[in-house]
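Novice: Okay, here's what each chain looks like letter by letter:
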Amino acid sequence: MFKKKTAAGLLVIILLLTLFGCSNTPQNLEYKAGAPYRFLSSMTVATNSDYELLWNKDECIISLKNLKTGTTWSTIPQDYLMSGGTNAGMLSPLNLTVVNTSTLTWDTINGYKESIVPQTVRSERVEGGLKVTYYLENFEISVPIIYTLYKDSLKITIDPKEIREGEKYLLAAVSVAPMLCSAMNSGLDSYVFIPSGTGAIMNTSEDARGTRKYSGDVYGEDLSRIITTDFTDETPIRIPVFGVKSLENALFGIIEKGAESVVIEAETGNKRTGRSAVWATLNIRGYDIYPTTSSTTGFADMKRMSAQHSETPVSIGYYPLEGSVADYNGMAKRYRQYLIENKEMVETTENEGYYGLTIYGGISVPSTILGIPIKTTEAMTTFAQAKEMVKSLHETTKLSSQIKLVGFGETGINIGKIAGGYAFSNVLGNDSQRKSLSTYCNDESIPLYTDFDLIRYSNSGDGFSYTFGAAKSATLHTAERKMLDTPLRNKISDSKYRLLGREDITTAVKKLSNFVADNNLSGISLSSLGEYAYSDFGNRKYIVKNNMATDVTEYIKLLREKKYPVASGSNSYAAAAADAIFDVPLNSGCYDVFDADIPFYQLVFCGSKPMFSSGINLEGDFDRQVMQAISGGTGLGFSLIYDFIYEHMQNQSGNYYAAVFRDNITLIEQTINKYADFYKAIAGKKIESYELLSNGISKTLFENGVTVYSNLTSSAKDSPAGTLERYGVSVMKSN
Amino acid sequence: MKKIMITFCIIISLTAMFSSSLFVEASSYDTFTHFENSDGTTSVTLTKESYIAEQCITAATVGIEDGFKGLVDICYGSNGKVYLLCSEISCVVVLNSDFTLNSKLALTDETGVTISFSGAKGIYVDSENRIYICDTANARIIVTDSNGKYLYEFDKPESNLLPKGFMYQPCSIAKDSEGYTYILSLGCYYGALLYSPENEFLGFYGSNTVKTTALDTLGFIWDKITGTDAKREVSAKKLPFSFVDLIVDYDDFAITCTGAVTADDKQTGQIRKISPTGVNILYKQTPVSGLMNSDSVNLLESEVIKVETKPLPQNIVSLDVNKQGYIFALDKTVGLVYVYDSECNLISAFGGGIGYGVNLGQFTAAEALAVNDNNVLVIDSTKMSVTVFTLTDYGNLLQKAQSMYLKGDYYSAKPYWEEILKTDRGNQLAYRGLAVASQSVEDYTSALEYAKNGLDYQTYDAVWQTMVTGFLGRNFAWLLTAVLLSVLGIVLLGVKIKKRRKVLIQNPRIKVLTAVPFHPFTAFDDIKYKNQGSVKIAFIITIIFFLASVLQATATGFVFSRTDVRNYNVLVTIVQTVGIVALWTVGNWLVSSLFSGIGKLREIFIVTAYSLLPIICCIFIQVVLSHFLPLSGMPFFETLRIVALIYTFFLLCIGIMRVHEFNFFKFLGTGFVTLFSMIIVVFIMFMVVILLQQFWNFIYSIIMEIVYR
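Residue numbers (our numbering), protein chains in the order written: chain A, 1 to 735; chain B, 736 to 1444.
Pulled out of the complex, with its shape left as it was, chain B reads as follows (with noise of 0.2 Å):
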């Protein structure tokens, strides 16, 4: 006994002494991307460059004394010329595709007065190369032609449909390739403003939703129930977050923006894509994750970011996309361009800076992005500056191959991820994309091993599925036989044994033991009173209930794991097995001794561990399965594990009948009384080390304010 303790105790200080994983330092020009984990997390990882920042133009690269001031917007007209709007001193700088300076234009009315937007905030240019600037301040959209000669202007809309006191403050602005103008206002949450071509409006489109909780539910119908009209003026109303951005794509959807809501990392749906009828048709679809509305997935990072211990949120407040359909986002609290499928899968994020960013490439307030087939673009508010980024040939490969990939041009797409392997080895879309094509190919071992290095458990599942098929059709005969052949042999083991009268267990506390599956009355009441249990099979059997969990954690085949080996915790498995049988057992035999209940302790423990004999039979069975059973055989696996559990908890229910000599609606409620208590006790547990680490605190403020001073 001492020695099991020893060990376990080893076992423990080892887990929190090697707890550690691997690391590598990070530069803050690193590009990344996000590997999916078999547990549907995501996790970043440094990637090779799909973009390299090239040069960093300025006022004073392009030879404008006065600079960008008030450089809040940036676009790319069709005409491949860059457009930079300053607002601050109401103009707009053009530039040509190798960045050199065009023009600087000030815009002019009918009488060729110059026209002030120094609040502007957005600015657009359609496909006939007519200038939008979003007059924010003004509440007026102007439209030029190329030259900045006025043409027309999108003024507050004379519609019943808009509500009552609607402050009209336009920031972005976007065109379809019917004509239809998309225009958002700075803190309307309705959604959009849709104009017809004729420049009528036509309503809102494609709000944001409010996401609430079951709380949220109650709360409502409380309300309802006890509220009053004082109560109902003081409450606040939660209403949808407003949108920042918004941009067509060459399929003529909207995709917008929220920006930031919380300091936390709680935020999803940061990008949406609206359909027409204004629902969001941006999906995630991974191959662990399954499908899923990018409503509930967080497209940034799983942690934000922290100054001390404050966070800050995550922020998204530009967008564009290229012909590809790749979705660039750009976050300015970090000052990161994110890169997106269609499918929300991230290609690469690059930039940088936090605020704090003086190099090339990096930023300290990351306004807004720009892109077109080779560059993105990004402007600085306070550094007045466009950093131009550059496709490398990696990120054209890697566009391309994924574009192939989400058409299912699989095949096509083989060459270039073989390319891109060899220039990242860690590319997950890479061995996702050559699983696929390998199995298009029929190749299927190297579709195994490629779907295996993905995390692609679709793939792999399909194509283990259709190799298990095809060896069972061509060896069925020879399988068939082999099993009626064992199942006679087993047969005739058992005809032989009962004949001879031979009796296999000798010794009569494993006899019970092996009894208690098949005549749990008999085996319980023979522990109970013929003394026949032993607190060391009992311990025993926890043991191996602890190694099968820690076994079917580790060692469960690849298409039924969704555990991360490497970030496994032995603690946990520990609590979950022989803590709760020890919780249970102890719990169980304080409750039981105030109903009257005649068990030991000892014999509680007995009987306990003997009920989990069936959920032990299970667990190895399914790991073993688990490594020749496609995913298919899911529901199977589901049925054992039911059928077993309810097994455990039927020989637990008569163990404990038994021990205690108590009637079956006895011990169903001593047994809610237990678990009550187990309940309690955890949480005591709780309370104890959360007073113990706040005592700690308290100790070591001391100690550091007396170091410090």
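The following block holds chain A by itself, in its conformation from the complex (with noise of 0.2 Å):
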């Protein structure tokens, strides 16, 4: 009877496994041969007092004109079309990355050449614009895109359940035009900006670096891809922003929709083309990397895509700038624009913070008993002596300032269960040590936020599974990342760790709210939710890292409407739903090709909330930083221990060595000090314009008419204010 049993259930599992893998299997988007292509004529397509939109049959050119000056973005550069240049490159609407099903490879077609060439091009009217579906019939692929006018920009939207495919070759990824956003290699007053890290920008000259190129995922590299190696560090695009300036006119594209799937490229100085651009690429199905063999080197990666292709519309809007704002100054203030027209930003400056404190609490240390290997949580920091670091700190400086509490979980600052496992470790005091704390911040008006990781996990617990829970990867494994070592980056086999899938988020953040509430938590902080964004192929909703922006928002929203305030990492999306950011980058990702750093992303968020750096007392050059945060009216950040735990942490132990409080206080009191009267001048203020002058000297002035002049080089250096000293500081206030 028993055996029976045993039998009739693992038929079911079995069959309900069968029934599940099913739910996987791609969408039918047939593509069909002999398809009606229609050129309508030339004309205006859509028109307001600003500008117009313009259809060229002959090229397929797509055109936004400005009425009042006549400057004109097309999809193919004016200049260049005059010239008669016949490059391909120059003059495609679109590139595509397809897979060909038979051998696997990878191929990148020309759009121009497939489609525009061969006419094979289909364009009809929409509302307030035009739809042009290109077709590639070698490839039997067609892509609509649909191009509108805006009142004061151009939006080009892809819906990836309109692509359609034959069985020969699978789409990969879609480059939407990618001399839109382009300038001639001039090399005066013209560049190309990407917001890598803090922010970036490529300089359009020709010189003897040739041509230099970028790639970056917007919000970073996807987590849940299965990667075989990993040798260097892609600082993340935070801001799903691009643009180009152009002697007096500049282009900026905000991604609208669907940024999490977006790529932004960018080339500069190709002598060939005489351009420099920079575009968008959108990603249509996602790829792990699986080693396999070469014949040339014995190793070589190979790609897999996935099955199932995004089903989520990505929406570029292309918005010209002029005159005086055609620069990244005015790309700033255009997206902070953007943010609160579409209610995306909270403003959050009556309560400033001069300083952010984050303060680690356990970590999980291995340990033996009777030779029995065992992982306990040692304290670095307790809720008392948190506490204490608080107290001690804001009494000698009398400033304001916020604190975030990370790694006060089960298993402190290692990756364990979800959240912590909803629970403070016991190591790190009790009930009412915590609430001394709290209550302690509460009274000096010091928002306190605890951090809760509810992303990363390698432990089962509170209802989520380890082995059935997480997120999976484009080949739909279980997606899963290493750690890795400082030296030769190979993975360190027993470090992994999962990715909650992320269906499972929201009951996560359901759950947070529940434990906030019942322990009475004064703020909450979602540090890798604002940080990190990756897929889940499990679900077709949330492939190629799609509406991770929408959900964070959203969870945000959740907690922020419970009346809990929510510090979060930097990530648009989440810092502009937060109360605070945390972790705010200070500079760009210092590529090759990048010829100087801006704070675009201060540029952007200054002003509207608190927003502070991470630990600069960590960092080998402090001095830097700190002029790095000053000239972007960043606040301090500092990471801070109470005990460096020196038996267990002398190996592999991050960079807490430089973090222990009692090493630390002389040096922040002064800093905090030196630098009181600048952040109280510039408290709660935008910044109006950001200047690099020539001699590594940054101006930046805020809207309050003050001007702060910062030396970020090791040598002295004339400044309008006067000379100044290595890694120093000006502050000029208008009468």
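These are calculated hints, taken from the structure and not from any lab test.
Note that the Cβ used here is the ideal one computed from N, Cα and C, for glycine as well.
Among these hints, one or two may not hold up.
If we take Cβ atoms under 8 Å as the criterion, some of the chain A residues that face chain B in the derived model are [as the list claims (entries may be wrong)]:
1) 384
2) 463
3) 485
Dumping the calculated BS3-like pairs for lysine-lysine here, alpha-carbon to alpha-carbon at most 27 Å [as the list claims (entries may be wrong)]:
4) A/674 - A/168
5) B/1157 - A/674
6) A/482 - B/1045
7) B/804 - A/271
Please assemble the complex out of the two chains, which come individually in their own frames, going by the hints.
Specialist: As structure tokens, then:
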């Protein structure tokens, strides 16, 4: 009887598994040959008081023309067209990355060669614009793109649901209007703007470096992607924008919908084309990377694409900027305006906070009991010690701060259960000590946020299964990451963690909301949720990182509606919705192809809410980082622990070696006091403009007229405010 | 029994579950150093930045239109200028000390005609600002004045000292303060070519040595015996590896590096410092491992980089040294700059990129480096750029402190070390420096604490010895009296017990156990013939043996312990204790059965376990004493251990002889066969494990194949 029941049970499980397996079969988007190609005549497609949208039938060009100035931005640059250039790369309105389903090889297809030249295009009017479908017969793929004129912008939209594919090739990515946002390689007052980290610009000059290329995933690499090697750190793009400045004009792109699936690419100084450009490439499918053999090196990587494709439309708004606003300052203002107009920006200027403290609680350390290896959580900082630290700094500096507690859950700073097991580690103190800290902060009006990791986990618990609840990668394997060792970047075998299934984050947030209510916490920090975007290919809604921004925004809204202040990591969707931002980037990715860093992030968020850098006391170039923070109006962030547990932390302990409170207290006090006047002067004020002078001096003008000259170099430099010592600053207040 | 088995199973499961350690995600920008563990191995630990990547200089930034094409080498001149060798365009780019362009030199001969050196690989500028270009492809070294005007050249020397068919391909050159010139020729395994101050070829200098093993020696002898001319013709000869870079330090010692050798983690002697007699005098001196010649030390990582599963070789391609004597080495494979002091302690390592570096401070093809007091310059031949790393305040402090430490000026270094600890609580060198500094001012308590943190066994022992000696000196009279009284008390107690004929132990089985060390023949006879042995007691003794071994590994005093408790795995001890007892018991029973032994499995187990008493007592004594004795007590420890081992063997010998009714020689014979059978059993177990592993891999690959399809 028992055997029968077991067998029946097994059968049911197998059947269920089979049925579930079916849910991941790709949607039928079959390409139909012999499509009704149709060319509308060249015409003005749409017009408003400032702009008109033009369609050129011969070359399939879409142009946005400013009616007052006559400035035109086209999918094929006007000057290039007039010069009679024949470079297919320049003439293409889109480029595709496809995968041959037989050979599994990846190819890049030029839309001009495959669709415009053979005239396999269908154009039709839609409300406010034009819909152009590009048919690539040789590849049996068609991609419809909608160009719409808005009040002050051209919006390009691709709905992946309308893309059609045959059997030979599958579409992996689409680069949209790669030459729309481009400038001539003049080198004079022209640049490409890339939002890497805090922001960077690439000069358009043709110099000895040759062509410079950049590519970066918006909101960082997909954490659920299976990868073989990870030799370099990619500094994530935190804001979904890009732009180009071309002499007196600029074009600014905001990825308004579906930004998570977009890769921002740029190419500057290309002598062959004579132009520099930046564009968005939309990932239609995700991929994993697996090792394979190579006849030459013995090893190689092989990309394996996901069967499912994205269903979330992507929409990019292109905003022409002219005159005094045609630069990155104007772009930042436009983006801030966009966030406000779309009700995405929460402004919380009433509680500024001059500096931010990130206090780390416990650390999970290996230990033994009679030779039996166990893991225990040790206290780097207890609640009582945290209170002592906060109180000490508050009393000596007399300035308000904001506090973030990290790693106070069951396994400390190490990845364990979701949200640290929704519990505080006993070794960090009891409830009354925690409440005492909370009460002190409340009495002194110091916002206190407790951080919870709702994404990464390495153990089951609280209803989240490590085995069955984790997100899936593109090839439907459990998404799993491993830490890397420092010098050689080899994966550390027993350091793996998984990512919570995207659907389950909602449950995790609700549980967090209950936990916060039960424990009467004063504020919540969602660092990981605000810093990492990832896919879950187990659910079509969440592939290619889709809907991360909207979901996280909703989570933050949900928590804020319950009157819990929320601090977050620095991805723009989370940063805009939160009450405070921690770990604000102070530098770009410092890629070789960049020519200068600009504090674009700060230009957008400064004055809207308190924001703090990550712990600058841990940085090797402390003085320079302080200057970077000051030049962008970012609050100084400090990372602190009370005790460095030497016997446990001597090896592989991160950079907590420099975070001990007693070692830092003088430095913190001196630094805060030194720049107190500056921070008081700019409290709650937005940045009007930022300018990098030629000798490494930056000039930041705040909306209240305060001008700050910062020396970002290691030697004394002359500035309009006099000679500035190395990493020195001069604050000038207007009368 | 069942409960014990369950406990064991739980222990094993727990071991498997919790065998991970603490990891924190590393960034490729991180500066790191090597932490010397108590077992002499090193592990990577993050440290405060000694150098920070400040800027990247390209042809575009200095205003040269055609780029740094063929950028292969870099050096500092004594005038503070930076010289870049761009061989593809046959020019030398000279940068000022602030890295602005000084000049772009095209070398010219006496007639003003431009000299081409498109195959050049090395550049050097001497104290008189003469420029030396190693024109490798044209087999010459061109020497010019500071303006690039031809002076003379070093061609292939005409000398009988050169072997027949010698290929002269100069790739690196250096001069000492006496005017001697050292030239490295590409692929030359004889060492550097040495020239007198008058540029006269003197011979070869300081070649690498060939590392041989006992197997190589046996092979050599075998070849001598069996070799024929035909066989010798096709045999490969083991040659020393050639140097790839050579510099002369401020004390006029030549320092060399060997480059890529093998793609595994066994590479040693990557850097050598050569004495005037051609011997390597670079030593690694550590408080854990003592003094070792760099030839036997892996100066880089204990692991090699793996792309998928394929390991890539370490490859130190460039060296330089600063005025303080710190050696800077560049590993091209990983793009890391390693900074060592004169005793091979890694001060810091930075850079990286592993051939994919696209950020400031990382490399795709790091080719060469040059250093001065404040900067480290690294060239990248693919990016055609020079990355400038600047010494940080922390780095400056660290170099100053370590220099003082190495000179023996411990006390002066103390405030520097204290400052360093404030910024880097994990700095092992700081703890070691402070330990010695505290010792020098007789602050022994602090010295012990610092030495323990820095795993400085030598200082700890010296301080402890001083403290113990001082304590004994101060309290000798009291201690002697206490010892004498204790001995007297024990004797009196013994006499009293004997007089009253008191029987302390009533249980005959325990009585037998206590009799084993003192009357082994009688005791084992009782076990055999009177059935006075107990399996339970034997089992408990085995467990105690295991626990004692665990205690020895985890609770031995600091100076005697070389086990990192955090990495200690109880499974190994289980195998070494319980496993060996079980294996010996079963093996001996099986073997003795074949040799007419009459001992039962139960009896063999009992005598084996009872025989362990001396070694168990020895372990407990050692653990206790290790907390009091200084390292000079090591001979006593060793003697105690050897005596205990011999006594255990003696007891085992008698026990086995008695239970099987063997004579001594039969015991020896069966003993050897038992050991052999134990080896066979272990071998079979390994085979089974490997087979299971392969079977699992096979199943796994099938599953993966199905899944991927």
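Novice: Do the alpha carbons of residue 674 of chain A and residue 168 of chain A lie within 27 Å of each other, as the hint requires?
Specialist: With a Cα-Cα distance of about 66 Å, the restraint between residue 674 of chain A and residue 168 of chain A is violated, given a limit of 27 Å.
Novice: Identify whether the interface hint at residue 384 of chain A stands, where standing means a beta carbon of chain B within less than 8 Å of its own.
Specialist: Residue 384 of chain A check fails; min Cβ-Cβ to chain B is 21 Å, beyond 8 Å.
Novice: Run the distance test for residue 482 of chain A versus residue 1045 of chain B: straight-line Cα separation, threshold 27 Å.
Specialist: holds (19 Å)
Novice: Below or equal to 27 Å on CA atoms is what counts here, so check residue 1157 of chain B against residue 674 of chain A.
Specialist: Since the Cα atoms of residue 1157 of chain B and residue 674 of chain A sit roughly 21 Å apart, the hinted pair holds (cutoff 27 Å).
Novice: Quick one, is the residue 485 of chain A hint okay against chain B at 8 Å, beta carbons?
Specialist: holds (6 Å)
Novice: Would the hint on residue 463 of chain A stand, with a C-beta cut-off of 8 Å toward chain B?
Specialist: violated (22 Å)
Novice: When you check the alpha-carbon spacing of residue 804 of chain B and residue 271 of chain A, does it fall within 27 Å?
Specialist: holds (18 Å)
In summary, the numbered hints that this structure violates are 1, 2, 4.
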